[in-house]
Amino acid sequence: MNAEELFTLSLKAIWGNKMRSFLTTLGIIIGVFSIIVLISIGTGLQSYINKQIAAFGPNLIDVMPGNMNSIAGMAGSMTEKLTMQDAKNLKRKFINTAKVAPTIQQVANVRYKNTEDKNVFIIGTTAEYPLVAQNTKVKIGSFFTRGQEISKVVVIGPTVLKKLFNDKPALGKKIFIGNSTYSVIGVTDKIGSTFGIDMDNMVYIPIEVIRQQFGSTTIREIIIAANSKELVPIVRKQTKEILLKRLSEDEFSVETSESISSTVGNITGMLSVALGGIAAISLLVGGIGVANIMLVSVTERTKEIGIRKALGAKRRDILLQFLIEAVMISVTGGVVGIILGMVASIAIAIVLVSSVTLWSVLLAFCFSVAIGIIFGMAPAIRASKLSPIDALRYE
Amino acid sequence: MKAADEIIRMTDITKVYGVGEAETTVLKDIHLLVKKGDFLGITGRSGSGKSTLMHIIGLLDSPTSGSYILNGTDVSKLKEDEQAFQRNKEIGFVFQQFNLLPKLSALENVMLPALYAGISKNERAEKANMLLTMLGLENHIFKRPNQMSGGQQQRVAIARALINDPELILADEPTGNLDTKSGADVMKTLKRLNDEGKTIILITHEHDIAVQAKKLIQLEDGMLIHKGKWLTKT
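The listed protein sequences derive, respectively, from chains A and B. First residue of the first sequence: 1, per the working numbering; consecutive thereafter. First residue of the second sequence: 1001, per the working numbering; consecutive thereafter.
Accuracy of the hints is not assured; some may be wrong.
[As the list claims (entries may be wrong)] Pairs of lysine-lysine, DSSO-like flavour, derived with a Cα cap of 27 Å:
1. B:K1127 to A:K385
2. A:K237 to A:K93
3. B:K1079 to A:K385
4. A:K303 to B:K1215
5. B:K1103 to A:K385
6. A:K314 to B:K1103
7. B:K1127 to A:K314
8. B:K1215 to A:K314
9. A:K139 to A:K163
10. A:K303 to B:K1089
11. B:K1077 to A:K385
12. A:K12 to B:K1127
13. B:K1103 to B:K1089
14. A:K173 to A:K118
15. A:K303 to B:K1143
16. B:K1103 to A:K18
17. B:K1121 to A:K303
18. A:K190 to A:K163
19. B:K1077 to A:K314
20. A:K303 to B:K1079
21. B:K1079 to A:K12
22. B:K1103 to A:K12
23. A:K303 to B:K1127
24. A:K314 to B:K1079
25. B:K1077 to A:K12
26. A:K190 to A:K229
27. B:K1121 to A:K314
[Unchecked claim] Each pair of labels, with its calculated beta carbon distance range:
28. A:E4 to B:G1020: 47 to 53 Å
29. A:G269 to B:E1082: 52 to 58 Å
30. B:E1138 to A:V285: 26 to 32 Å
31. A:I267 to B:D1081: 41 to 47 Å
32. B:D1221 to A:V285: 36 to 42 Å
33. A:E4 to B:H1205: 40 to 46 Å
[What the hints assert, rightly or not] Reference excerpt, derived from the structure (chain B facing chain A, CB under 8 Å, subset only):
34. L1060
35. G1072
36. D1074
37. A1084
38. N1088
39. F1093
40. Q1096
Note that these hints are calculated values from the structure, not bench results. Model, not experiment: these values are computed from the prediction. Cβ atoms here follow ideal geometry from the backbone N, Cα and C, with glycine treated the same way.
Put together the whole structure using the sequences plus the hints.
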């Protein structure tokens, strides 16, 4: 029996039981669909995060308290070990190689006359901040200079401008942050949101001023921008050396854009695998459905198998007939699942993040073929082993 | 391999089912010689071993011991797939229950043995068409079994038995499910095939059908009786 004839035979059997074939195929469709969609979401998330990280600039080095790579270090992130002095030491060292901007973060209410903007993110930093955080650009007015670092001046984000001043000119106006007044000297350009946080609902004030007003002395983050990409490893290494003079290894961490993206990559990669794994389980269940239906089909068609054998069908002929039927069911399910999964992923990409990858499509396809072969094999072997006499007698 | 005109030579064929205390001997020391062109009737009550003998002759089952030469080939110890090959080539089956595949048309049913013989689709269809026409079914070629009468179905089955040009037609109670007229038609067809040179073995428990065969043997308790004499060598 040649391949074409086997296919025709299997197709007829599938077509002869439309409802049952459809329901069996549905199990595979759902499994493959989930694999494609979940992997697309995982991949989409990863590229989204990478894009967000890249927005900060490729030369970025980030110093944070604590160390996420060890248990002791995780506790360390709660401690308050980074100080202004560390920032000053780094600044002195990198005078020719990098810009350094320490930041203190605080949440407070901001008020202009009777209009209040609650829970605004206050960033206390130095004049170098716009040079370091490259996505922060001043659009109107200017950022505070070194000479203004002890003045009560503020640079506001566009969201704050909209909420307090309804987008009207704000330069020179006095606003309340907490219970102190500050005069507005600049408005930043739109950044958008990162990881769901509105980066435009922020105000920037000099670090010394925030320390005095809120009494906080710990540095949340020291952002360093190397003057060139080539300098990043050297600056990172020297940063570590300088900080180690005063702090222990668990009390701080130094990350670059690259190291952050690789950490995030690991996390989202694991997420993709986990999501894919869950989807694979549903495909497995679909496969068991195929095996189940094929077993029913073999029992139901015992007489047919007997007749075919009596007329000269060899084991192989019967085996292939049933196996191809199972593979056709699961491959059809696979192809439909892939198409639906791709359509759904594209639809999801409009509102959330997701991107279809070739490897997930290939994986899903191979998976569905494998499911057909693995789960079709046992029923097919069973069919091929039926004795022709017993099968003929079967009613 | 004695003579070229022998189609079946069975020597000392025994069939035993079960082991130990459950052991049942269904066929005992069967000797059977069938020449090409014979029309042999095998009769016997139910339980006489008739079906088992039919299965062994038809290579659907293997004997426990003894030798069986079918058309010059020793087929007593063939494996399942080799049996299938010989069955497909040498024997055409006609069953009591017709055993047509319900989802296939008359034409497709007739084509089936040729499919397993590896004959091309066109050739298969052409030959099946010819056989159905020869059996007077030219208007029923695309009908399914349930759209045909019992007599028509049995004629489809006969066409199917003929498609691979076997020398031997094995008919197991071919008239058992038919009315008298259709039964007579089937018998007429079998006789005609015999006249054309086919060897026919007819298994039946109906006396008036059995006597239409040229030779008649009877099975009783697993042994062959012929004209009142035991055919087994004791």
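How the hints compare with the structure:
no.	hint	verdict
1	B:K1127 to A:K385	violated (31 Å)
2	A:K237 to A:K93	holds (12 Å)
3	B:K1079 to A:K385	holds (12 Å)
4	A:K303 to B:K1215	violated (33 Å)
5	B:K1103 to A:K385	holds (23 Å)
6	A:K314 to B:K1103	holds (21 Å)
7	B:K1127 to A:K314	holds (22 Å)
8	B:K1215 to A:K314	violated (34 Å)
9	A:K139 to A:K163	holds (17 Å)
10	A:K303 to B:K1089	holds (22 Å)
11	B:K1077 to A:K385	holds (18 Å)
12	A:K12 to B:K1127	holds (23 Å)
13	B:K1103 to B:K1089	holds (25 Å)
14	A:K173 to A:K118	holds (18 Å)
15	A:K303 to B:K1143	holds (20 Å)
16	B:K1103 to A:K18	holds (14 Å)
17	B:K1121 to A:K303	holds (24 Å)
18	A:K190 to A:K163	holds (14 Å)
19	B:K1077 to A:K314	holds (17 Å)
20	A:K303 to B:K1079	holds (21 Å)
21	B:K1079 to A:K12	violated (30 Å)
22	B:K1103 to A:K12	holds (9 Å)
23	A:K303 to B:K1127	holds (26 Å)
24	A:K314 to B:K1079	holds (11 Å)
25	B:K1077 to A:K12	violated (36 Å)
26	A:K190 to A:K229	holds (26 Å)
27	B:K1121 to A:K314	holds (19 Å)
28	A:E4 to B:G1020: 47 to 53 Å	holds (50 Å)
29	A:G269 to B:E1082: 52 to 58 Å	holds (55 Å)
30	B:E1138 to A:V285: 26 to 32 Å	violated (51 Å)
31	A:I267 to B:D1081: 41 to 47 Å	violated (56 Å)
32	B:D1221 to A:V285: 36 to 42 Å	violated (55 Å)
33	A:E4 to B:H1205: 40 to 46 Å	holds (44 Å)
34	L1060	holds (5 Å)
35	G1072	violated (19 Å)
36	D1074	violated (19 Å)
37	A1084	holds (5 Å)
38	N1088	holds (3 Å)
39	F1093	holds (6 Å)
40	Q1096	violated (11 Å)
In terms of the numbered hints stated before, the structure departs from hints 1, 4, 8, 21, 25, 30, 31, 32, 35, 36 and 40, listed from lowest to highest.
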